[in-house]
Amino acid sequence: MTKESTTAGVTPARVWRPFTVLTRLFGRPASAAGTSIVLIFLLMALIGPWIAPYGVNEQIPSETRQAPSPDHWFGTDHLGRDVFSRVLFGARDILLLAGLGTFLAVLAGTAIGLLSGYRGGTFDEALMRVFDSLLAIPALLLALLLLGVVGPARNALLIVIVFVYTPIVARVARSVVLSVKSKGFVQAARMRGESETWIIFREILPSAFPTLTVEGALRFSYAIFLIAALGFLGIGVQPPNPNWGLMVAEAREHVFQTPWALWMPALAISVLVIGVNLMADGLRRVLRVPGA
Amino acid sequence: MIPALSVEDLTVKYRNGPGPVTAVREVSLEIQPGEVHGLVGESGSGKTTLALAVMRHLPEQAVITSGSIRVDGQELIGLSPERLRPIWGSQIAMVPQDPLSALNPTLRIGKQLSERFEALSRSDARDKAIELLEMVQIADPARVARSYPHQISGGMQQRVMIAMALSAEPKLLILDEPTTGLDSTTEAVVLDLIRELMRARQTATLYVSHSLGVIAQFADRLTVLYASELVEHGSKMDLFENPLHPYTCGLLDSVPRLGENKREIQLRSIEGRIPSLEDLPSACVFAPRCPVVIDICQETRPALEGAGATRQVRCYRWEETRAGEIDPRQPPAPPPLERPTIAETALQIENLEVRYDQPRSLAEWLRRSPRQSVRAVDNVRLTIRKGETLGLVGESGSGKTSLAQAVVGLVDSAEGRVELFGAELPTQIKHRDRETLSRLQMVMQNPDEALNPYLTVGQSLSRPLALLRGIHSEEEVRRLLEGVRLPPEYADRYPAQLSAGEKQRVAIARAFAAMPGLVLLDEPVSSLDVSVQASILNLLNRLQTEHGTSLLLISHDISVVGYMSETVGVLYLGQLMELAPSENLFDPPYHPYTEALLSAIPLLDPKATQERVRLRGGIPSSLEPPSGCPFHTRCPRFIGDICIEQTPPWQEDKTGKRIFCHIPVSDLRREQGQVFAMRKRE
Numbered sequence: 000m001t002k003e004s005t006t007a008g009v010t011p012a013r014v015w016r017p018f019t020v021l022t023r024l025f026g027r028p029a030s031a032a033g034t035s036i037v038l039i040f041l042l043m044a045l046i047g048p049w050i051a052p053y054g055v056n057e058q059i060p061s062e063t064r065q066a067p068s069p070d071h072w073f074g075t076d077h078l079g080r081d082v083f084s085r086v087l088f089g090a091r092d093i094l095l096l097a098g099l100g101t102f103l104a105v106l107a108g109t110a111i112g113l114l115s116g117y118r119g120g121t122f123d124e125a126l127m128r129v130f131d132s133l134l135a136i137p138a139l140l141l142a143l144l145l146l147g148v149v150g151p152a153r154n155a156l157l158i159v160i161v162f163v164y165t166p167i168v169a170r171v172a173r174s175v176v177l178s179v180k181s182k183g184f185v186q187a188a189r190m191r192g193e194s195e196t197w198i199i200f201r202e203i204l205p206s207a208f209p210t211l212t213v214e215g216a217l218r219f220s221y222a223i224f225l226i227a228a229l230g231f232l233g234i235g236v237q238p239p240n241p242n243w244g245l246m247v248a249e250a251r252e253h254v255f256q257t258p259w260a261l262w263m264p265a266l267a268i269s270v271l272v273i274g275v276n277l278m279a280d281g282l283r284r285v286l287r288v289p290g291a
Numbered sequence: 000m001i002p003a004l005s006v007e008d009l010t011v012k013y014r015n016g017p018g019p020v021t022a023v024r025e026v027s028l029e030i031q032p033g034e035v036h037g038l039v040g041e042s043g044s045g046k047t048t049l050a051l052a053v054m055r056h057l058p059e060q061a062v063i064t065s066g067s068i069r070v071d072g073q074e075l076i077g078l079s080p081e082r083l084r085p086i087w088g089s090q091i092a093m094v095p096q097d098p099l100s101a102l103n104p105t106l107r108i109g110k111q112l113s114e115r116f117e118a119l120s121r122s123d124a125r126d127k128a129i130e131l132l133e134m135v136q137i138a139d140p141a142r143v144a145r146s147y148p149h150q151i152s153g154g155m156q157q158r159v160m161i162a163m164a165l166s167a168e169p170k171l172l173i174l175d176e177p178t179t180g181l182d183s184t185t186e187a188v189v190l191d192l193i194r195e196l197m198r199a200r201q202t203a204t205l206y207v208s209h210s211l212g213v214i215a216q217f218a219d220r221l222t223v224l225y226a227s228e229l230v231e232h233g234s235k236m237d238l239f240e241n242p243l244h245p246y247t248c249g250l251l252d253s254v255p256r257l258g259e260n261k262r263e264i265q266l267r268s269i270e271g272r273i274p275s276l277e278d279l280p281s282a283c284v285f286a287p288r289c290p291v292v293i294d295i296c297q298e299t300r301p302a303l304e305g306a307g308a309t310r311q312v313r314c315y316r317w318e319e320t321r322a323g324e325i326d327p328r329q330p331p332a333p334p335p336l337e338r339p340t341i342a343e344t345a346l347q348i349e350n351l352e353v354r355y356d357q358p359r360s361l362a363e364w365l366r367r368s369p370r371q372s373v374r375a376v377d378n379v380r381l382t383i384r385k386g387e388t389l390g391l392v393g394e395s396g397s398g399k400t401s402l403a404q405a406v407v408g409l410v411d412s413a414e415g416r417v418e419l420f421g422a423e424l425p426t427q428i429k430h431r432d433r434e435t436l437s438r439l440q441m442v443m444q445n446p447d448e449a450l451n452p453y454l455t456v457g458q459s460l461s462r463p464l465a466l467l468r469g470i471h472s473e474e475e476v477r478r479l480l481e482g483v484r485l486p487p488e489y490a491d492r493y494p495a496q497l498s499a500g501e502k503q504r505v506a507i508a509r510a511f512a513a514m515p516g517l518v519l520l521d522e523p524v525s526s527l528d529v530s531v532q533a534s535i536l537n538l539l540n541r542l543q544t545e546h547g548t549s550l551l552l553i554s555h556d557i558s559v560v561g562y563m564s565e566t567v568g569v570l571y572l573g574q575l576m577e578l579a580p581s582e583n584l585f586d587p588p589y590h591p592y593t594e595a596l597l598s599a600i601p602l603l604d605p606k607a608t609q610e611r612v613r614l615r616g617g618i619p620s621s622l623e624p625p626s627g628c629p630f631h632t633r634c635p636r637f638i639g640d641i642c643i644e645q646t647p648p649w650q651e652d653k654t655g656k657r658i659f660c661h662i663p664v665s666d667l668r669r670e671q672g673q674v675f676a677m678r679k680r681e
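Sequence order for the protein chains is L and Y.
Okay, so the first sequence: first residue is 0 according to numbering that gives the first Met the number 0, each after it adds one.
Okay, so the second sequence: first residue is 0 according to numbering that gives the first Met the number 0, each after it adds one.
With the rest of the complex left out, here is chain L:
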């Protein structure tokens, strides 16, 4: 009884308005914090290069190994590069790579998962077993293997992310299809002779959308991590690129002289990942559509 009345005013159309989603995300402290963090990092990625006080690889020989100060907010590293500027520059790189990679993985995974789940049968069974075996290999190991094949180009990172995350997204999309496919409205669509495309994309996909959005946000945070980890291992991107993982790796040798050069990019990684996770959790609540 109370369930019906609390959901009565909310409609799918309203749930999907971006502005509504944003205001509702700010309705809870945790998801508001997460969303703010993500928005700040997005802003950094957009205008970072213009507001950065120093160039990305600008070395000031007289000011090496300086502790954080009003001149150098995050200090300088052993080569005299401004850490704050490098973190700013790095944001664009990592957000673009992780964002684009996740987006492509969600696109591919959704298409594969929806089709395979709806059609079922032997093909579906076989594909899922292949995906299962891919999922059994740790993501980092898989990425290393792939990079070994493709070579350490920057675009290779994109391919790696898509390849690693597509099976995971496909499984999630498929599980939604399986729960929706036997529902009355899908059967009704079959009984009036709708095409398979219509059924998959108009009847089933909307029900999968909230789950996929949340899954996408989670994948995004893992992708950031993966890129940073690969950078740290020195694969994927090469110096002097301001990849946060690479920056941590470079600063590691000088950790006793310039600890801030290690902390700051590491802090950026963790704050962003926490922010994305909090936002994903908020999205899960916000996108819940009554009756779906």
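Calculated from the structure, these hints are not laboratory results.
Beta carbons: idealized from backbone N, C-alpha and C, even for Gly.
Check the hints yourself; a few may be wrong.
As the list claims (entries may be wrong) - DEER-style ranges, computed between Cβ atoms:
#1 L/Thr121 - Y/Ala141: 45 to 53 angstroms
#2 Y/Arg142 - L/Thr121: 37 to 45 angstroms
#3 Y/Glu240 - L/Thr19: 51 to 59 angstroms
#4 Y/Arg142 - L/Leu144: 53 to 61 angstroms
#5 Y/Arg367 - L/Thr19: 34 to 42 angstroms
#6 Y/Gly72 - L/Thr19: 49 to 57 angstroms
#7 L/Pro28 - Y/Asp126: 53 to 61 angstroms
#8 Y/Ile641 - L/Arg128: 20 to 28 angstroms
#9 Y/Asn445 - L/Phe122: 28 to 36 angstroms
#10 Y/Asp126 - L/Arg128: 49 to 57 angstroms
#11 L/Thr196 - Y/Arg359: 29 to 37 angstroms
#12 L/Thr196 - Y/Arg468: 44 to 52 angstroms
Here the structure of chain L is known, so what remains is to put chain Y in place on it, guided by the hints.
Leaving out everything else, chain Y in the frame of chain L:
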């Protein structure tokens, strides 16, 4: 005498929305020792909240804002959880609706029962547990005690719950829809048991139910709740014979009674919808749906007035009702138009069979052992004539849904011949053309899943119009909505904004959009509230007469099927047991299974008489269906080896009733009496 339960002016509010919401408003009731008190109401009426409040077991957001609850003279309100704990179990016990979720899945039944006797030694406690199981008439108590909850049937689980509740000899027993989840033949056995135990132990009982039939058979007194408000209260006879509140009248009129048919009696549905608790009418809560509403009903809240020594009613006009000056009943639906019987066949099913193959394990696959399969529908033949309604009745697992799905082409593994208006239907839906699709539509069981939550009602309705009739007009969508009595602005609403009854109307409109010749209805009213059921049944009858549509109606409720249909088929384990014209369905000879079904239905008339035919055990697994006659394992008229070894013949009696049984119809007729007798209403 101290009443076993006395509730005074109890008000319960929920605080989870923007403001507090009243779920129970100033309700009082009293139960004497040995009395069974029925609590009737639809969803949202507050009956479960009231039952939980009596247990002092309300969810966290619910607050008792005023009133008093005394069990055997002891005030429960204000007691701390520590003080309440000894009262639960020893003073008050509850049997919940879903026994499986109330039993601990990781402990054996015996262990769970013997845990209640901490004071006893382990072996004594075990003996006590077995004794309890014997008390609830479990045939093999030692085996059941060793089982885990999921290993025993639903009826058995519910008996264990009853044993548990009674183990401490409580002063007050609360039964919250204890048989709602059970099949009707199992329900009858469990109800018998409860009745016997109540009679023997004189335990005061609060029986919460939405089913008027169960209350009519069980309760001594009853209380009717509507939208948080106690509307009428009195002895069972008074309320069933002379209801004084318009809502009570409406409830009694809105269910078809066993043996009634649409040709003789028109259901009176309560129009409108149950108000949401956030938005209750300020004066009389029933005023918006009341047929005898006057100005004062919308201005001030009526008081609960005494209408006799033990009777109360909350209505301004009860005296006029009692004197017969006004008629508080809802207007009846217009009787269906007489149609000439057309001999043309709408649907003909020959030897239909549906199998579901069970998955094989890797070992079985390697050994090449044959696949096991469940035969959900077996050798079914049916004919539906044009404009006629054929009803199929069966318990869960009888294959009724599989049969419907096979006809519409949604199962892959159907075999047999199905003809629709003389043309053979391809088994699978993808091989059927537009023309065929438009002639055959179905209304699904669950209205909550029948509509896509992301499409508006208008979008849902326009698709079949566009695809099957080539019409792209908003006008036609509005006409469809009007056909199911929904206002045109509903076209822009989403399913979440509709009540369950309204969703079902939209689903029906969608099925009729294609102008089909045959519509399959899978349990169209079973998930709806009683007051809404009648309006859906009336709607279906009206649409049928308007369009001359044939209907195949599937339900577990033999009263509904008997009311709606011209012909009724009784399914058991995927096979037809009986096929009878509805006017003869309720008279002997019956198939022994039909006899048991008719005897299991709690009749809606406290003065009715009913034969007591009870079935042993549960429905056998359809993985290994019994040989010969599928019903022989439970048949009370079992006649010997012939039932086990040979498939029974179809026998026809002179009224056109066809029975699938070895016993000759003449013998059945001689041995069987009328299973039930109930006064007809006008």
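Each hint tested on the structure:
1. L/Thr121 - Y/Ala141: 45 to 53 angstroms: About 47 angstroms separates the Cβ atoms of L/Thr121 and Y/Ala141, which means 45 to 53 angstroms holds.
2. Y/Arg142 - L/Thr121: 37 to 45 angstroms: For Y/Arg142 and L/Thr121 the Cβ distance comes to about 42 angstroms; the hint holds.
3. Y/Glu240 - L/Thr19: 51 to 59 angstroms: holds, 55 angstroms
4. Y/Arg142 - L/Leu144: 53 to 61 angstroms: holds, 56 angstroms
5. Y/Arg367 - L/Thr19: 34 to 42 angstroms: This hint is violated: roughly 59 angstroms between Cβ atoms.
6. Y/Gly72 - L/Thr19: 49 to 57 angstroms: holds, 55 angstroms
7. L/Pro28 - Y/Asp126: 53 to 61 angstroms: holds, 57 angstroms
8. Y/Ile641 - L/Arg128: 20 to 28 angstroms: Given about 51 angstroms between the Cβ atoms, the range is violated.
9. Y/Asn445 - L/Phe122: 28 to 36 angstroms: holds, 30 angstroms
10. Y/Asp126 - L/Arg128: 49 to 57 angstroms: At 53 angstroms between Cβs, range holds.
11. L/Thr196 - Y/Arg359: 29 to 37 angstroms: holds, 34 angstroms
12. L/Thr196 - Y/Arg468: 44 to 52 angstroms: violated, 21 angstroms
Violation of the numbered hints given earlier is confined to hints 5, 8, 12; the remaining hints are satisfied by the structure.
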